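**Q** Residue numbers (my numbering), protein chains in the order written: chain A, 25 to 262; chain B, 229 to 622.
Be careful, since some hints might not be right.
Stated by the list, open to error - Here are the simulated DMTMM-like pairs of lysine to aspartate or glutamate, each with C-alpha atoms no more than 25 Å apart in a straight line:
(1) B:Lys441 with A:Asp107
(2) A:Lys236 with B:Glu408
(3) A:Lys236 with B:Asp283
(4) B:Lys441 with A:Asp77
(5) A:Lys236 with B:Asp356
(6) B:Lys289 with A:Glu169
(7) B:Lys289 with A:Glu130
What the hints contain is simulated information worked out from the structure, not anything from laboratory work.
Predicted model, so just to flag it, every value in this text is computed and none were measured.
The chain contents come next:
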Amino acid sequence: MKHESVIIAAILLLAACGVPARPDLSLERVQQAGVLRVALDASFPPLESVAPDGRIQGIDPHVASAVAGQLGVRAQFLNISSDGLKAAVLAGQADAIVSSFTPVREWSHELGYSRSYYDAGPVLSAASGDARQGLIGVEAGGDGEAPARRRWPDRIRLYATSQDAVEALNHGAITGVVLDVPDISLFAADAPGLHAIGRPLESVPYVVAVRKADRLLLQAIDAALADMKASGELEIGR
Amino acid sequence: MPRAVLAIAGVGVAWLLVWQLLVTPWRDPNRLRLPPQQQVSTAVPILGVHTRLTDEVEQSKIRRTLEMVRRMGAQWDVEYFPWNYVQRHGVGEWDWTHADLVVDHAQRQGLKLIARLDSVPVWARPRDTAYSYLDPSHYADFGNFVYQFVRRYRGKVAAYVIWNEPNVSYEWGVRPPDPEAYAQLLKVAYQRAKQADSQAVVLAAPLAPTLEKSNLALDDLDYLDRLYDAGAAPYFDGLAAHTYGWRNPPDQAPSAGAVNLRRVELLRQVMVRHGDGGKMVYVTETGWNDYPRWIRAVSPSQRTDYTVEAVRLAQSWPWLAAFCIWEFRLPTVTHTYNDAWYLVRTDFSPTPVYLALRRLAAGNASVKVKREEKPSVGQASSLSGAEGPANWAA
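Given the sequences, and given the hints that come with them, work out the whole structure.
**A** Shown next, in the form of structure tokens:
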């Protein structure tokens, strides 16, 4: 009887402790390889795109390279379709996703998410003049319409596309336009001097994603992003 | 004990029983509450959509989605039924709750349902592999899932799609695409489906339209050719196909070096070349995207025009059974280009594409189509509409 009790106690103790976790070698793996393998879909300028010379360019590869530098390694980019980013990381083909990636709650049991390094949410923008008064253009049905309506219920004018709104801004029909933060640089050629005013009306955070089990790598990435934020290096694209 | 106390206790117990038997089930959100039988009225019998109810948990939204599909005049509905949702916990564990909701509501709306079957449960693949990884040692397990699925929904599902885009690495377990291995998988699935229902229509997997020839992806025309060479022809009744326009208008001529809508005609030529011209093609994904920052997107008005024009064009293909637009609606806003495929927004408001297709399906021959050449903002021209480069770069 005493023997059985000991066995039962041992089983309960093991159950309480759970199965021993595998050692987290994620950061060590990256540092030993000397490379942070980053999966992205380089078809979304200005965040990520392929330059005419074949280089991967944009805000995301810039952030990824800076993070890799903080880890003491270099970034290597795997350019694949957005649909394959998660699978690439889960299968160990890449260490991280840095690709206009917003945290998806349903995937949080498989992926770990860093702090946000970029907010792509809709923001009031203007080229010149005083956007605090006058009409504000916004794309009908776009991410910016609902928050803009809440903020300026009597000043909103809807347009079929953001480009139409920017053209109206150029013609002086409106004094401001609500755009997603990354779109400001895309429209800069159409509206010289276009810039964001204040913070986004709603947050659309872009994060780095890694495998859930790669906790040490995620911690190191978070620390690198914190350093970059403190140094002002993440004030990009606005 | 006084009789009055016993009587009160008896009434209390009876009330509890009534509550448990009658009221509680009504509060169960998964209890089937089906509307009256409906029929699709349409002037475009090939028209369909690809819904994404996989992660839509609310029955009322599943019903509303499928009602809007019917009201659009789409009679075909493609839906994804992941194996790892139905048999998540092991060989003997089955959970049909969500699949039942979708299948029964689709049937009640009078839709012809095409069920896409793939996505491997954790127990059927090695650790640290993707959901699309299936080793031949588990083909029989997948075959058993197909058997159970077909048996359960016999008479309610019009066709079954075996796997998705196996010509790209991430849909083939993040391994090099392998048409010969897929032919084996298709054979197992086909045989098991027919065991469950000899009338079941089994479709070979749709291939991702791509020009890539690497370990990350295989050209869809080459892949289909190799699939036939591997002896797959007896193991599918029709071919599922994905055909996207990217930035190209729907009438652009097909070419082995271009990804456009009419590339599906080249897939058809491969079938005919292999003596398989008697089978139908089911386009289970097609469409244009109007996300402003995607290099393969078009403007919103182009998207509407191209989609309507594409449906008209597809009606002239005698070998086409269904033409399903990707994608109807997602349960949540993703803040990515995925939001720009929608026909109906997350809040159920219809997009201009939905409204135009509804007019077309209602027999309105005057749905306006204008050709707009103005490129959308942020588009680049270097990729010529092909799948982007898929390789490592330092």
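**Q** Keeping to a limit of 25 Å between CA atoms, is the pair of B:Lys441 and A:Asp77 held or broken?
**A** Cα-Cα ~21 Å, so holds.
**Q** For the pair we were handed, B:Lys289 and A:Glu130, check the Cα-Cα distance against 25 Å.
**A** Satisfied, since the Cα-Cα distance of roughly 18 Å is no more than 25 Å.
**Q** Are the Cα positions of A:Lys236 and B:Asp356 separated by 25 Å at most?
**A** 11 Å, holds
**Q** For A:Lys236 and B:Glu408, compute the direct alpha-carbon distance and say whether it is at most 25 Å.
**A** Distance ~33 Å between A:Lys236 and B:Glu408 Cα, so the pair is violated.
**Q** Mind checking the alpha carbons of B:Lys441 and A:Asp107 for me, to see if they're no more than 25 Å apart?
**A** 18 Å, holds
**Q** Mind checking the alpha carbons of A:Lys236 and B:Asp283 for me, to see if they're no more than 25 Å apart?
**A** Between A:Lys236 and B:Asp283 the Cα gap is close to 21 Å, so the pair holds against 25 Å.
**Q** Below or equal to 25 Å on CA atoms is what counts here, so check B:Lys289 against A:Glu169.
**A** Status holds; Cα separation ~23 Å.
When each numbered hint is compared with the structure, a violation occurs for hint 2 only.
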